[in-house]
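Counting from 1, position 33 in the sequence shown corresponds to residue 34 in the working numbering; the numbering is continuous, with no gaps.
Hint data in this document are derived by calculation from the structure and do not stem from the laboratory. Values in this document were obtained by computation on a predicted structure and should not be read as measured data. Do not rely on the hints blindly, as some may be mistaken.
As the list claims (entries may be wrong) - List time: in silico DSS-like cross-link candidates among lysine-lysine, alpha-carbon distance up to 27 Å:
| id | residue 1 | residue 2 |
| --- | --- | --- |
| 1 | LYS48 | LYS10 |
| 2 | LYS18 | LYS53 |
| 3 | LYS10 | LYS34 |
| 4 | LYS53 | LYS10 |
| 5 | LYS53 | LYS34 |
| 6 | LYS48 | LYS34 |
| 7 | LYS48 | LYS18 |
What the hints assert, rightly or not - Distance windows between CB atoms, simulated:
| id | residue 1 | residue 2 | range |
| --- | --- | --- | --- |
| 8 | LEU36 | THR14 | 19 to 27 Å |
| 9 | ARG63 | GLY41 | 32 to 40 Å |
| 10 | ASP64 | PRO35 | 31 to 39 Å |
| 11 | ASN32 | VAL71 | 31 to 39 Å |
| 12 | ASN38 | THR74 | 15 to 23 Å |
| 13 | GLY15 | LEU59 | 25 to 33 Å |
| 14 | LYS10 | LEU36 | 15 to 23 Å |
| 15 | VAL71 | PHE2 | 16 to 24 Å |
| 16 | GLY15 | ASN38 | 16 to 24 Å |
| 17 | TYR65 | ASN29 | 16 to 24 Å |
Every residue gets a Cβ at the ideal spot worked out from N, C-alpha and C, and that includes glycine.
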Amino acid sequence: FCAKEAVAKALGTGISKGISFQDIEVLNDENGKPLINLYGEAERIYKILGSKAIDISLTHSRDYAAAQAVILTEE
2 FCAKEAVAKA LGTGISKGIS FQDIEVLNDE NGKPLINLYG EAERIYKILG
52 SKAIDISLTH SRDYAAAQAV ILTEE
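Kindly produce the complete structure, drawing on both the sequences and the hints.
Shown next as structure tokens:
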């Protein structure tokens, strides 16, 4: 949940304005690094922003989970 919310906020909307949790997919590469795939409205906004990549960092403890997402552009 927090990874998807972090990505949505990095896109400038949060989970609103047409972006839903189903528009953001969180996967792991072969080394366990989290990867993001976007669909629907989230993908459309990502392209409008001129984005090139999304970096995301995840952490958790027994009681809490946190995520930070950064959208990278060429500028």
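- Message: Going through the numbered hints above, which ones does this structure break? Give me the numbers in ascending order.
- Response: When the structure is compared with the hints, numbers 10, 11, 13 turn out to be violated.
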